[in-house]
Amino acid sequence: MGFENLFLGFQVALQPYNLFLAVVGITLGTIIGVLPGLGGANGVAILLPLTFSMPPTSAIILLTSIYWGALFGGAITSILFNIPGEPWSVATTFDGFPMAKRGEGGQALTAAFTSSFVGALFSVILITFFAPILAEIALKFGPPEFFAIQLLTFSSFIGLGGGNPLKSLVSILLGFILASVGLDIVTGALRLTFGLTDLMKGFDFIIAVIGLFGIGEILLTMEEGLSFKGTVAKMNPKVVWETWKILPRYYRTFIRGSFIGFWMGFKPGGATPASFMSYAFAKRFSKHPERFGKGELEGVVAPETAAHAAGGAYP
Amino acid sequence: MRAADLTTAAVLAAVGVLVLWDALRLGIGWSTDGPKSGFFPFWLAVVLLACCLGITAQALRRAGGVPFVARQAIGPVLKVLWPATAAVLLMQFVGLYVASTLYMGFYMRWIGRHSWPAVVGMSVGFSVVTFLLFEKWFLVPMPKGPVETWFGY
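If you read the sequences in order, they're chains S and L.
Just so we're aligned, residue 3 is where the first sequence starts under this note's numbering, counting upward by one.
Just so we're aligned, residue 100 is where the second sequence starts under this note's numbering, counting upward by one.
Just chain S, with the same shape it has in the complex:
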């Protein structure tokens, strides 16, 4: 039953027209993902009119491809500019950006898109077989379970942060405070707006991230006395091939990331905790935990696999 459906699905998806649409979608999506302020959801919304003249299956393929492309585009900015486009690419910056700084941006990007592919494929296959059972489990998830997951995620931030745990905690609290500005979605009261209408909508994630990561990075570069050079990634088939030869070594990270992503992903809001947890697990189980955060390939593989496994599992 499950196998037949999966086979039928691949058969439809691999028709030349649909495959062509997937390529177009991924290309458009990547461009959208790289543009600051435009994420997967906006991209899908903007390009929705394109699909009106298509058969429904092809339209879904195009939109999904745009969405995945945008996710990958987010990984590009995380790695090359240290500006995560989505909450779940934050963990990718930890090791992706140091790698790009060392001139290994090509490897980091290859690892990112390969892990995205592995994670997504894994969870799509699993969800085909287990969707009915998982739907039942997901429905049983209530506020206590969600709270437990979030608590675990934020605790792992403090564990990961390195340096001063008090400062990590302060950053988390500040983030929560910024997030609680605006309309309280439960009671409808205005929180922390102090009568300013501009604050009613609260702080947008993208804006906060560009301010904190982007401007911080520019100022740091100036302090270190360098002119801002961005980082150049040399992408050619050789780099991709070389990286693919190394990647199988991290098969444990792939499997772990896929399972964490899948497990966290079939309930809403799972991709971000999944990426952080996968990163923390990879660091914990690694033989060289001290290399994490300084540009370790595994540190790109772990969060990307989990985030995309979560993205694929969330129906």
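Quick caveat, the hints were computed from the structure, so don't treat them as lab data.
Hints are all accurate, no fakes.
Have a look at the derived ranges for each label pair, beta carbon to beta carbon:
| hint | chain 1 | residue 1 | chain 2 | residue 2 | range |
| --- | --- | --- | --- | --- | --- |
| 1 | S | Gln13 | L | Thr248 | 53 to 59 Å |
| 2 | L | Phe233 | S | Ile135 | 44 to 50 Å |
| 3 | S | Asp206 | L | Gly251 | 24 to 30 Å |
| 4 | L | Pro242 | S | Lys142 | 44 to 50 Å |
| 5 | S | Phe22 | L | Val239 | 28 to 34 Å |
| 6 | S | Gly295 | L | Thr106 | 25 to 31 Å |
| 7 | L | Phe167 | S | Trp243 | 43 to 49 Å |
Simulated crosslink set (DSS-like; lysine-lysine; CA at most 27 Å straight-line):
| hint | chain 1 | residue 1 | chain 2 | residue 2 |
| --- | --- | --- | --- | --- |
| 8 | S | Lys240 | S | Lys296 |
| 9 | L | Lys235 | S | Lys203 |
| 10 | L | Lys135 | S | Lys203 |
| 11 | L | Lys243 | S | Lys203 |
| 12 | S | Lys103 | L | Lys178 |
| 13 | S | Lys247 | S | Lys289 |
In silico negatives: residues of chain L with every beta carbon more than 10 Å from chain S:
| hint | residue |
| --- | --- |
| 14 | Ala102 |
| 15 | Ala109 |
| 16 | Arg160 |
| 17 | Leu188 |
| 18 | Val197 |
| 19 | Phe205 |
| 20 | Trp209 |
| 21 | Val219 |
| 22 | Met221 |
| 23 | Gly224 |
| 24 | Val227 |
| 25 | Gly244 |
| 26 | Val246 |
| 27 | Glu247 |
| 28 | Thr248 |
Idealized CB from N, CA, C, for every residue including glycine.
Since chain S is already given, all that's left is putting chain L on it; use the hints.
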């Protein structure tokens, strides 16, 4: 580092007090339908204040030592920071596009020392392209000022 830690802790503690004040206005207890709006911000602010006290104590116990930013490094950092701040302030009055034209032009001329034609071409061209991109094609409204009104937007 010590002075920087103390200053940051003080600023964040001030933020904490601000949040605390607004949370008290909203009510921090429980009403019939669950926690009131100020409940979550209140406890965030309380823990934030406690952490700031902790960081202050840590910083005080430590000797002065390494400065947070070297004297010769602060110049370039400020050179980036103040034009950006000025551009953001300017944006409130003249809109995003005019402010970014001025910012880019100023920066290219002052730091980059490019020739005037390059400065004008690049800054005006960039703003026109972003204007078309956001206002025309993506239909994302950005802050606009008198100049855009004059052109009929």
